[in-house]
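Based on the hints, put chain B in the right spot on chain A.
Residue numbers (the numbering used here), protein chains in the order written: chain A, 20 to 166; chain B, 21 to 142.
Calculated directly from the structure, the hints in this document are not laboratory data.
If you're wondering where the values come from, they're calculated on a predicted model, not measured in any experiment.
Even for Gly, the Cβ is constructed at its ideal location relative to N, Cα and C.
Some clues are possibly wrong.
Stated by the list, open to error - Computed footprint of chain A on chain B; a stretch qualifies when at least three of its residues, placed anywhere within it, have a C-beta under 8 Å from a C-beta of chain A:
| id | stretch |
| --- | --- |
| 1 | 26–32 |
| 2 | 37–48 |
| 3 | 88–100 |
| 4 | 108–116 |
| 5 | 119–131 |
| 6 | 134–140 |
As the list claims (entries may be wrong) - Subject to a maximum C-alpha distance of 20 Å in a straight line, what follows is the list of computed EDC-like cross-link-like pairs (lysine to aspartate or glutamate):
| id | chain 1 | residue 1 | chain 2 | residue 2 |
| --- | --- | --- | --- | --- |
| 7 | B | Lys47 | B | Glu58 |
| 8 | B | Lys47 | B | Glu120 |
| 9 | A | Lys149 | B | Glu58 |
| 10 | B | Lys114 | A | Glu154 |
Said to hold, decoys possible - Across the chosen pairs, the derived CB separations fall in these ranges:
| id | chain 1 | residue 1 | chain 2 | residue 2 | range |
| --- | --- | --- | --- | --- | --- |
| 11 | A | Phe60 | B | Leu95 | 17 to 23 Å |
| 12 | B | Leu22 | A | Ile32 | 39 to 45 Å |
| 13 | A | Gly66 | B | Met21 | 21 to 27 Å |
| 14 | B | Thr23 | A | Ser63 | 17 to 23 Å |
| 15 | B | Trp92 | A | Val70 | 44 to 50 Å |
| 16 | A | Thr74 | B | Lys52 | 39 to 45 Å |
| 17 | A | Val129 | B | Ala123 | 25 to 31 Å |
| 18 | A | Val120 | B | Gly70 | 41 to 47 Å |
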Amino acid sequence: MASEKRLQIKTLIMVLAMVVCAVTGDLLLKRGMSEAGAVQFTGSGLGQALVHMATSGMIWLGIVFLLGFMATQMTVMSWADYSYVMPAGAFGYALQTFLAVVVLHEVVSVKRWIGVLLICVGVVLVGQTKPRTTEAATAVEKAVASC
Amino acid sequence: MLTVLLLFVLICGSTGGEIAISHGAKKTGEPKRMRPWEVLVFIGQVMSNGWFLLGIPLMAASFFALLILFSWHPLSFVIPISALSYVVGALGAKYLLKEEVNAARWAGVILVCAGVALVAAG
Numbered sequence: 020m021a022s023e024k025r026l027q028i029k030t031l032i033m034v035l036a037m038v039v040c041a042v043t044g045d046l047l048l049k050r051g052m053s054e055a056g057a058v059q060f061t062g063s064g065l066g067q068a069l070v071h072m073a074t075s076g077m078i079w080l081g082i083v084f085l086l087g088f089m090a091t092q093m094t095v096m097s098w099a100d101y102s103y104v105m106p107a108g109a110f111g112y113a114l115q116t117f118l119a120v121v122v123l124h125e126v127v128s129v130k131r132w133i134g135v136l137l138i139c140v141g142v143v144l145v146g147q148t149k150p151r152t153t154e155a156a157t158a159v160e161k162a163v164a165s166c
Numbered sequence: 021m022l023t024v025l026l027l028f029v030l031i032c033g034s035t036g037g038e039i040a041i042s043h044g045a046k047k048t049g050e051p052k053r054m055r056p057w058e059v060l061v062f063i064g065q066v067m068s069n070g071w072f073l074l075g076i077p078l079m080a081a082s083f084f085a086l087l088i089l090f091s092w093h094p095l096s097f098v099i100p101i102s103a104l105s106y107v108v109g110a111l112g113a114k115y116l117l118k119e120e121v122n123a124a125r126w127a128g129v130i131l132v133c134a135g136v137a138l139v140a141a142g
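Bound-form chain A, shown alone (with noise of 0.2 Å):
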């Protein structure tokens, strides 16, 4: 009981600093790819994008928190069930929504509203479920992936 316990919280750590990059590297994202304008769906066109993407240091920053975000979800999932740690990692749009009123004062719509409540009980619902329910890796296994 007390090692499920342990799981459980040692499982929410990661799934929240999984959340903190997502939600930083997304945002740099969208800031550097606004700079670009409208990607034109033309040989030239995709090439300025190209170009304009490994120039960005916003787009470069983006992809470092979203590398962030990738080290921490493939840790979890090394014992944690997908299907538990990919609606979990939603709470990233509640904890948008939150700074937005919080840090930025900004005035979020009764739509919004009603979809962070949305996601604040479907997490709830799926923290209730075991974070694993499926078999822990063998020693043979472990063996030849570390080959």
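Here is chain B on its own, set in the frame of chain A:
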């Protein structure tokens, strides 16, 4: 038509890639302790796994689809539709990863999917 194709690549690429990486991470086994060095060694092991190498191109395709969609459409259009990836991901977890997706987890996934769509549209 191109938008529909890119949304398909966005949803199936990200969920397919995450499912492959999740499978690879489970096959590697979790780090014994959450020390930075041990986590880095674990990530190195996952990255040398064939499942990871399958997942990366799928996620890269999804990433470029996302960048192009962001430049064509507002966030309030792209994110609500991409929320379908929660349902697609749960189906993949159930049928490909053989996870036990019980009624509570399904209800949570559907609420999260609807909630994300509303937040982005709002």
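Hints versus structure:
1. Remark: the stretch 26–32 of chain B is not confirmed as covered by chain A, as 0 of its residues place a Cβ nearer than 8 Å to a Cβ of that chain, below the required three.
2. Coverage of the stretch 37–48 of chain B by chain A holds. Counting CB-CB distances below 8 Å, 9 residues qualify, and the rule asks for three or more.
3. By the rule of at least three residues with a Cβ nearer than 8 Å to a Cβ of chain A, the coverage given for the stretch 88–100 of chain B holds, with 5 such residues.
4. Residues of the stretch 108–116 of chain B lying with their CB closer than 8 Å to a CB of chain A number 5, which satisfies the three-residue condition for coverage.
5. Counting residues of the stretch 119–131 of chain B whose beta carbon lies closer than 8 Å to any beta carbon of chain A gives 11, which meets the minimum of three for the stated coverage.
6. Using a Cβ-Cβ cut-off of 8 Å, 7 residues of the stretch 134–140 of chain B lie near chain A, which meets the minimum of three, so the contact claim holds.
7. Restraint check for Lys47(B) and Glu58(B): the C-alpha separation of about 16 Å stays at or below 20 Å, so the hint holds.
8. A hinted pair counts as satisfied when its Cα atoms are at most 20 Å apart, and Lys47(B) with Glu120(B) qualifies at roughly 18 Å.
9. A hinted pair counts as satisfied when its Cα atoms are at most 20 Å apart, and Lys149(A) with Glu58(B) does not qualify at roughly 25 Å.
10. Between the alpha carbons of Lys114(B) and Glu154(A) the distance comes to roughly 14 Å, so the proposed pair stays at or under 20 Å and holds.
11. For Phe60(A) and Leu95(B), the Cβ-Cβ distance of about 20 Å falls inside the hinted range of 17 to 23 Å, so the restraint holds.
12. Remark: the range hint 39 to 45 Å for Leu22(B) to Ile32(A) is upheld by a beta-carbon distance near 41 Å.
13. For the hinted restraint 21 to 27 Å between Gly66(A) and Met21(B), the CB-CB distance of approximately 23 Å keeps it satisfied.
14. Restraint check, Thr23(B) to Ser63(A): a C-beta distance of roughly 21 Å satisfies the suggested window 17 to 23 Å.
15. A hinted range of 44 to 50 Å for the beta carbons of Trp92(B) and Val70(A) is inconsistent with their spacing of about 18 Å.
16. Under the hint 39 to 45 Å, the C-beta atoms of Thr74(A) and Lys52(B), about 41 Å apart, fit the expected range.
17. With their beta carbons about 29 Å apart, Val129(A) and Ala123(B) fall inside the hinted range of 25 to 31 Å.
18. The beta-carbon spacing between Val120(A) and Gly70(B), approximately 45 Å, falls within the hinted interval of 41 to 47 Å.
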